[in-house]
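Here the protein sequences come in this chain order: A and B. For what it's worth, our numbering labels the leading residue of the first sequence as 2, then goes sequentially. For what it's worth, our numbering labels the leading residue of the second sequence as 2, then goes sequentially.
One or more of the hints may lead you astray.
Repeated chains share a single entry, so a pair holds when one copy, or any two copies, can fit it.
[Said to hold, decoys possible] No farther apart than 16 Å at their CA atoms in a straight line, the calculated lysine to aspartate or glutamate pairs in the EDC-like style are these:
#1 Lys41 with Glu58
#2 Lys11 with Asp82
#3 Lys20 with Glu58
#4 Lys11 with Glu58
#5 Lys20 with Asp49
#6 Lys11 with Asp49
#7 Lys3 with Asp46
#8 Lys3 with Glu32
#9 Lys20 with Asp82
#10 Lys20 with Glu57
#11 Lys41 with Glu74
#12 Lys20 with Glu79
#13 Lys3 with Asp65
#14 Lys11 with Asp55
#15 Lys41 with Asp82
#16 Lys61 with Glu74
#17 Lys41 with Asp16
#18 Lys61 with Glu32
#19 Lys11 with Glu32
#20 Lys20 with Asp65
#21 Lys20 with Glu44
#22 Lys20 with Asp55
#23 Lys3 with Glu79
#24 Lys61 with Asp46
#25 Lys41 with Asp55
#26 Lys11 with Glu44
#27 Lys11 with Glu79
In case anyone wonders, no lab produced these hints; they're calculated from the structure.
Here is how the chains run, residue by residue.
There are 2 protein chains.
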Amino acid sequence: MKVRVLITLKNGVLDPQGKAIEGALHGMGFEGAAGVRQGKLIELDITDAANAADAEEKAKAMCDRLLANPVMESYTIEVMDAA
Amino acid sequence: MKVRVLITLKNGVLDPQGKAIEGALHGMGFEGAAGVRQGKLIELDITDAANAADAEEKAKAMCDRLLANPVMESYTIEVMDAA
């Protein structure tokens, strides 16, 4: 089952990379860009998931144990089509 | 208008970081993890967008000019709530 994990810095955690992107966008004339935050996107296939709920649970365990830093990051799990 | 940009390596482009994550997941007992790909997530607010279509167009221009590498990466733009 295809799963998409979105990992972002928690609110309040300084995001210098996002700030740099925002500055560059302003420099290119995109004055309306604000609140830019950069995060990570991880797409994977969980082949041994019985159903969407199981896939989400497995993905959550992966995030807690490897993918995300619970001190600074939060994550969102999206289970894609069950194809 | 809140916009979420998902940037992934194109299919066929080698993703060593994804492979490394996949290997680590297998080593932790997540045998079902397959096809792991790592990408970038950029969230931003486009304050001068008139509507969702305009926000998407502006985000597309940002991707083409700065955020994504068109040679190796593809991107998806999701316009979030119009709040």
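> Okay, which hints does this one fail, numbers in order?
Replying inline: 1, 2, 3, 4, 5, 6, 9, 10, 12, 13, 14, 15, 19, 20, 22, 25, 27
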